[in-house]
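Residue numbers (our numbering), protein chains in the order written: chain H, 1 to 147; chain P, 1 to 714; chain D, 1 to 249.
Please keep in mind that the hints were generated in silico from the structure rather than gathered at the bench.
Incorrect hints may appear among the rest.
What the hints assert, rightly or not - Interface residues of chain P toward chain H, partial, derived using beta-carbon atoms under 8 Å: (1) Val-51; (2) Ser-55; (3) Arg-59; (4) Gln-686; (5) Leu-689; (6) Ala-694; (7) Gly-700; (8) Leu-702; (9) Ile-704.
Using N, Cα and C, we set each Cβ at its ideal position, and we do this for glycine too.
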Amino acid sequence: MQSLPMLQNALIVGAILFSLGLVGILARRNLIVMFLAAEMMLQGISVSLVAWSRYHGDWGGQILVIFVLTVAACEAAIALVFVLGAFSRTGRLDAAAWQSLREATLGRVIDRELPASDTLPQKFPTLTPAGVLPETDEDELLQREHV
Amino acid sequence: MQDISPATLLVLVPLLPLVGAIITVAFGRRLGSRAHLPAVISIAAALACAVVLLSGTARLVGDGHGSPARPVEMITTLWQWATVEGTQPFSIPVALRLDPLTATMLTIITSVGLLVAIYSIGYMHGDPGYPRFFALVATFVFSMAMLVAASNFLLVYVFWEAVGACSYLLIGFWFRKPEAAKAAKKAFLVNRVGDFGLAVATFLLWMTYGTLNFHDTLSADGVIMPGILGQTRLADASGYVGGLVGTAICLLLLLAACGKSAQLPLHVWLPDAMEGPTPASSLIHAATMVTAGIYLIARSCPLFVACPDALTMVSIVGATTALVAGLIGTVQNDLKRVLAYSTISQLGYMFASLGTGTLLGFTAAIFHLLTHAFFKALLFMGAGSVMHSMGGVIDMRRFGGLRRIMPITAATFLVGSLALAGVAPFAGFFSKDEILASLNSRGWPDAHHDDHHATARKGDAAHFQLAAWSPDAGQQENELRPLSRLDSPATFRTLFWMALFTAGLTAFYTFRAVFMTFTGPTRVPEEAGHHAHESPPVMTVPLIILAIASAVSGWLLFSTHALADFLAATPSFTAPAVVATAVKPVFHWDLALQGTLAAAIGIALAAYGHLGRRSDGPQMERFLGPLETLFARKFFLDEIYSALVVKPLEALALVAAVFDRRVIDGLVDRVAMIPLALAAVVRQFQSGLLQRYALAGVVGVLAIVVALAWQLRG
Amino acid sequence: MLAAIDPFSPGVLLATGVTATAASLWLLLPRGQSGRRERTARWVGALLGLAALSAFVATGRRLGGLGEEAVFLIVSLVAVVSAAATVVTRSPVYAAIWFALSLAGVAGVLLVLGAQFLGVATIVVYAGAILVMFLFVLMLAQPSGLAPYDRVSNEPLLAAVAGAVLLGLLSLSIGRLSAGDDPATADPAPAVAVDALQADHVARLGGELFGRHLVAIEAAGVLLLIALVGSIAIVARTEEARVQERRAG
């Protein structure tokens, strides 16, 4: 059970999670998705730690994962506050909306014009309706198009 | 006191004022109006030590009486400042010396210093810089004591600069006043010229003699290393280099002395130095520091005796300065400036006396130094007392008849003036008489030798003439030294008449000042307000003490020949060439008569011009005509210096400034453009986008990891 | 020359895996394309991703034999595939749901590795608390339709290559563990019987946590408290500033 191949397999899984998280942080522009990617990196680390813990028959790795969980929770709480603050300022969840620290002589980076997408409008996940159909609130329908 | 060794006392004399200065600096603010205590107490203790040393030295000299050439000296080496091994080993011992000359100087410095410090308690009362003043005075006493006690040319140089620094700080004591700041700067810069001379002279001395010590030292292997003024070299007839190098050394030392002692052509700083507080003028710019030049030349007199031309130059510079400064002094209206020019003039007297190269001349210079220290300090303090009660006004035309308001000041000032004018039996009469006698003996070599020293004097005179005229003895030297005929009797005859005329001038301007200030109808400037009264006792008591010293010191020291005999035991004065010029001390009635006559004429002229009625200068103008302008503008020397030195230097500075701004700064700007250009490239990457920065960081880390993995492969 | 190279040697497999991973991620990441091209790219990317995954699985087989435990294979495949989907999905809402699935996979991996408590805690803390919080924020902040910034990526090629190279480097070093030539890792599997699978596992973990690491646990608790108070304070101040801004405007 505590063989070297087992350790290696688990470490590879951790490495893949970590790398994917890194790509997500670097590439995705949505602040929320960036945080999901960061959490994913933490997951990769957690898997590696537990694998080592098992390999060495030591509790240290698992204890450390508990602290990783704790710190991740704190980080999420604080980060979401900032994301909300950022959203309330710009109305967007775009990481590229914040460019004030650029060199004064440089212009703002602006996205190129995007071709029309046929995936619009976005389809959100739905549940199969069950039970009595609730009465629809007309006001709410006016305010929101979806959900 | 018996238990304390002379060496300890010798160290204590400079050390105590230094400790006093440090205490004043450290606790001055806390001491407040008692900030004078450390300085006064420490200088008083230093005076006590100096007096004990003086009496001890005098006892030593007295024991060896009968053999007049027996030198008395004591060396205390405290530590080695620097030691350089090698083929020509070089070491700078911090060595203090005690000999009659040093003991005399130490006593003068500490006694005048003490009186000035006590006087300053009253004069500087209430000044915001009260502790600073006493710290500076104590530092000055320390530096000056070290200067005269140092037994090494390098140490002399160090403390030469130290007293210069103290002088600078005291002239600029009221540094918020632009004139004071300017005067301090001028004094500092003019002194630099002289200090440059001393520095180069020190280098030349090291090159020539291989040491800078005054005294003989014992090397590690027991060989005696002769010092420049050590007894080994003094006893050696050919111990001192003449010729071009020797003359160069002596002229450079003379330049240094001219700077410090305010002789032509470097005298211009002293009159302006009167911007400082009057006690500082009294101590530094009249009694002590300005005599450093006299001390230096007297100390190194064997060097000068080996170079007759340089020696004669000393006399010529001195007598010319005495005359010029006396002439300028006759038309000054500022009481302190009259005294300043008088100081320059009297210092010129001392130089003229030194330049005769006879034992009489050297001792007379030191004698005059001593009496001058007393009566000039007295006169300056008197002027300060007048200034104190006149609300800072020092222009003689604006007050008069002050003898009714401040009788003690007037009486003591009169005593000082009589001493300065050379009226018998006050101090100046005797010392000035000796100076005139020394000049006279060189001018008329055969006139006064009706005693048993005649042979020696004649031989000596023949020696001088030989050096000047003999074709076989001076053949080669004549080619090298075209100024050889400088030290002829004719030169000294001229100098004698100049000195005699100056004596009359001295009496004239001194009593002009006395009459303008203290006689006539009582007039007080508005600035004085209700403060026009006699100064407090703390100021008048030092005046009285100095007046007594000015009155009796000359007669005491002359009639007993104590000072001359005492000083003759100074190692420098025991060089064979100096001893050969010794004469039996006599009182020259003819010279005394001439001097008194000159003084009487001067006083009479002053009385004619200024006694009894108001004299605001028109008489002088009418009397002198265009010469008055010449004197009042100080022979246009400031203007000449401005045109010859200051203006070209300013032009050079302007060129340098333009060069600096255009070329140097231009180069710097070009160099600065390189990082700017590089930055312009890198700046393009500063997009402010968070994720680009993160990407750059990750790529960098990966590059490093790949490089490491590549290196660790296999 | 080429014939000499064994196409299934670990090196070739690793290189193939890295390249396929980079290409697949680049194709899958949103690059602001029109619908048809995007769909094509996604299919190709997904196939390439599967190829990359098989390459890594093959590498693992060569290294130690991954097939030993079918459960591990399945849960780790779930974790990895849904993690990739999280990163490449355009809609953030779907990304969050993919992330939840990935978390489930990771929890499974942890369970297989014998960390039951951590597996459950991951589900509870992440999927239960943090992820729901994310979704709240998303629903609050999401504009109607797909935002432009969700349809493009920041330097997709560079990011994909960087991630793939990192993965390759990590695999390389993990693979070197088996070689046993590194004295630091030459230590064979420890003889000490690991008690992670025993029945009182959670009790032992708790004992360890509140015994040896008591101070650290207290510190972590304080940290949580500070985060709670801090986030509330920041929100309060932001709200205040917004109210003042509105008044001024």
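To test your reading of the hints: which numbers does this structure violate? 1, 2, 3, 7, 8, 9
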